[in-house]
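Asks: Below, each chain spelled out in residue letters.
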Amino acid sequence: MWELVLKGIFSALFVASVLRISTPLILPALGGLISELSGATNIALEGIMLVAAFTGVVISAFTQNVWLGVIAGILSGMLVAAFLAYFHLYLGADLILSGIAINIMATGGTIFLLYVLTGDKGSSSTLASKAVPVINIPLIKDIPVVGTILSGHNIFTYLAFILTWFVSIYLYRTPQGVHLRAVGENPEAAASLGLNVRRIRLGALLMSGVLASLGGLNLSMAYLTLFQREMTAGRGFIALAAVFLGGRTPWGTLIAAILFGFFDALSNQLGSLAIPSQWVQMIPYAATVLALVVYSIRQRAQAVERARRFQEKHLAETRALGD
Amino acid sequence: MKLLRKPALREFLRILIAVSAALLLGFFITLLVSKQPLEAYRAFLLGPLSRFNRFGDWIEESITLTLVGLAVALVFKSKQFSLGAEGQILLGALVSGSIALFVPLPGYLRVPLALVAAMGVGFLWGYLPGYLKAHLNANEIVSTLMLNTIALKLYDYFLIFHIKPPNAGYNASATFTKDGILPSFVPALPFLADLRARFMSQTNITVMLYLTILAVLVAYYLMYRTPFGYELRMIGANIKFARYGGINVKQAIILAFAVSGVFAGLAGAHLAMGIHTKLIQNISLGIGFEGIVVALMARNNPLFVPLSALAYGYLRAGADIMERSSDVSREMVLVIQALIILLVTAEQVLPVIQQRVAARREAQPATSLAEGGH
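Protein sequence lines correspond, in order, to chains A and B. At the far end of the first sequence sits residue 367, using the numbering used here, and the numbering has no gaps. At the far end of the second sequence sits residue 1642, using the numbering used here, and the numbering has no gaps.
No lab work stands behind these hints: they were computed from the structure. In this text the structure is predicted, and so the values were computed from the model without any measurement. Check each hint, because a few of them may be wrong.
[To be verified] With a straight-line cut-off of 25 Å between C-alpha atoms, the simulated SDA-like cross-links for lysine to any residue are:
{"no.": "1", "chain 1": "B", "residue 1": "Lys1518", "chain 2": "B", "residue 2": "Arg1584"}
{"no.": "2", "chain 1": "B", "residue 1": "Lys1508", "chain 2": "B", "residue 2": "Leu1490"}
{"no.": "3", "chain 1": "B", "residue 1": "Lys1432", "chain 2": "A", "residue 2": "Ser311"}
{"no.": "4", "chain 1": "A", "residue 1": "Lys165", "chain 2": "B", "residue 2": "Arg1598"}
{"no.": "5", "chain 1": "A", "residue 1": "Lys165", "chain 2": "B", "residue 2": "Leu1490"}
[Stated by the list, open to error] Computed far set for chain A versus chain B, every beta-carbon distance over 12 Å:
{"no.": "6", "residue": "Leu119"}
{"no.": "7", "residue": "Lys185"}
{"no.": "8", "residue": "Gly221"}
Cβ atoms here follow ideal geometry from the backbone N, Cα and C, with glycine treated the same way.
Can you make the complete structure from the sequences, with help from the hints?
Replies: This is the structure in C-alpha cells:
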C-alpha cells in the first residue's frame, strides 16, 4: 500500500498537480504578505478572490473575450479592496470586522447575482465562459520528466512564481517597499519621518486586492472553467496562514503555500486508499499553528538578544566614560 | 434607568439607523431583481410570524445565536479577535452528540453530562489559542482559523469513521434516543400536556431556552460584577494601561478565550441535542461568523445579546421564507448582514447624526440649568 503512495508522490504528474493546486494559494498569499507587512492584516482575501472569480466568468461569458474577463476580474477585486480600505482607513471601521463583512458580502452577493443571471444557485455552467490558455514551453515540454512538471500549466501558475520574485524585489530592493515595511513595523516612527501611513496602507491593500484577484481568476478561468458558489472554499484564509507559516517573507510564503498544496494533493492521493483523508488534510493547519509558535518564540528571543546587546554596549560605554 | 443613559441611547440610535439603512438597501435590491418585490419583502419581514412552526424556527435559531453571540462578546470585549467560535461549536456538538448516543445513562444524567462535556471541550479549544496569544503573542486570528479547520476535520473524521451507522447512506449519525435529547421547554405536567404536545410536534424549543437566559445573566455578571470582568474590560480599553495598573494580563486573556469557548460549546450542544437531534455534516456552517454580527449589534453587552440575536434570527428566518415563497434568494440576507457590520463598525459613517446628537447633549445641561426651577 505504501509503495503505491510513494510511487504516486514521486511521479512527475503528482508534482505538476501540486503546482496546479498551489497556484490559487500562492497568489493571494503574496497579496496577504504585502498588506500584512504594511501593518494591515487582510482577512478579506477570501472575499476578493470570490468576487474576482465571479466577475471574470461573467464578463468573459458576455463579451466572449477571455482577457476582458481577466481585466474585469482584477478591477473588481481591486474595487473590493478599495472598499475595505475606505471603510478601514477613512471611516474608522475595524479592519478585521470589515474584512469579515466583505467576506460575507462576497459569499452572499455572488450567489445572489449568480441566481439572478442564470437562475441557478450552484454554478455558472449555463454561461459559456472562457478559459485562459495553457502554455506549452517549447523544447522543455519535450524533456521527459521535467517537461511534465514545468510545461503545460496555465499562465497563472507561471505568474505566481514570477510575481513572488517581483514581490521580493519590491519589498527589499525598492524605496517604496522599504517604506511599506517601515509603516508596518512602527507606524508612529514612520509617520514622524514624513511617511503617509494611510496612503501606503491603501496602496498595500490595493496590491493585495490585485494578487488575490489573480488567485480567484485562476480558480474560475483555469483550474475550473466555471464559477461555483463558495468555490474559494477557505483558500483566502489558508493563504493568510501561509504568510505566517512562511515567516512573513516572499519565498517563505511561496514554500508554505506549496506545502499546503502538497498536503492537499496528497490527501487526494490517499483518498483512494483506506487512510482517512481528514488526518492528512489536518497536517498543514496543525503545522501553521506550530509555525506560529516557533515564529513567536524566535521573535521574542531576538528581542531579548537585542536588549542584552544594547545593555552590554551601554555598560561598556559607561565604563569607558568612568575611566 | 442606568442602561438608557445618553451614550447608550446614542449607540442604540446608531445601530437602529444602520440596520434600517441595510434593510432599505435590501429592499432596493429586491426591487431591481424581483418580479413581485412587495410580496418577496413582505415574506421576508413578516414570514417568521406567519405560522407556528416558523415562529419555532425563529426562536430556536435565536437561542443558538444568543449563545454564540455571548461567546464572541466576551472575547471581543477584551479586544482579542478570536474567531474560534466555529471550532468550539463543532467540538461541543461532537462531544455532546457522542455522549447522547453512546453513554448508557438515564436521560436526567446523560443530558447534563453531555452539556458539561460540551462546555468543557469549548473551554479547552479556547484555552489553546488564548495561551498562544498570551504567552507567545501568536496572532489569534490565524491560530483560531487554523483550529477551526482542525476541529472541522476531527468532526468529520469521527462522524464518518466512528459515529455513522455502517449501513447509512449519507454522513449522519443515528437519531438520538429520548434519553439523549434536550427535553421540551414546557414541563411535563398534566395540566400543560396539550401545550407541550403542540410545541413538541411543531418546534424544537427545549429547556435550552432557560439555560440561555441563565447564560446571559452569568455572562453579564462575569463581565460587569467580577474582577475578571473588570480586567477584561480594562484590557479591551487599553492593554498597556491594564498592564501598568498591575493586572495579570496573560491570565485574563487566556481566561477570556477559554470562557468564551464555554458558551460556544454550549451552542454546539444545542445544535446537536436540541435542533437536529443527530450529528450531521456541516452542522455549524458559518454560525461562528454570524455570532460576530450578533455581538456587534449588541455592542458586546451580554444583556443586549438576546435582543440582537432575536433581531438577527428574525432576518435569517425571514430570508428562508422569502426564498421559498418568491423569486428572491435567501443570500440577500448575507448582503444585509455585511452592510450592518460595516455600518455599525464604521465610526464616521453617520457623522452628521452623531454631531447633532452630540450638539443636543451639550445644549441640554445649559437648558436644564436655565430651567433650574423644577
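Asks: Please go over all the hints and tell whether each is borne out by the structure.
Replies: Hints, verified against the model:
{"no.": "1", "hint": "B:Lys1518 to B:Arg1584", "verdict": "violated (38 Å)"}
{"no.": "2", "hint": "B:Lys1508 to B:Leu1490", "verdict": "holds (22 Å)"}
{"no.": "3", "hint": "B:Lys1432 to A:Ser311", "verdict": "holds (21 Å)"}
{"no.": "4", "hint": "A:Lys165 to B:Arg1598", "verdict": "holds (10 Å)"}
{"no.": "5", "hint": "A:Lys165 to B:Leu1490", "verdict": "violated (44 Å)"}
{"no.": "6", "hint": "Leu119", "verdict": "holds (20 Å)"}
{"no.": "7", "hint": "Lys185", "verdict": "holds (37 Å)"}
{"no.": "8", "hint": "Gly221", "verdict": "holds (22 Å)"}
Taken one by one, the earlier hints fail for this structure at numbers 1 and 5, listed in ascending order.
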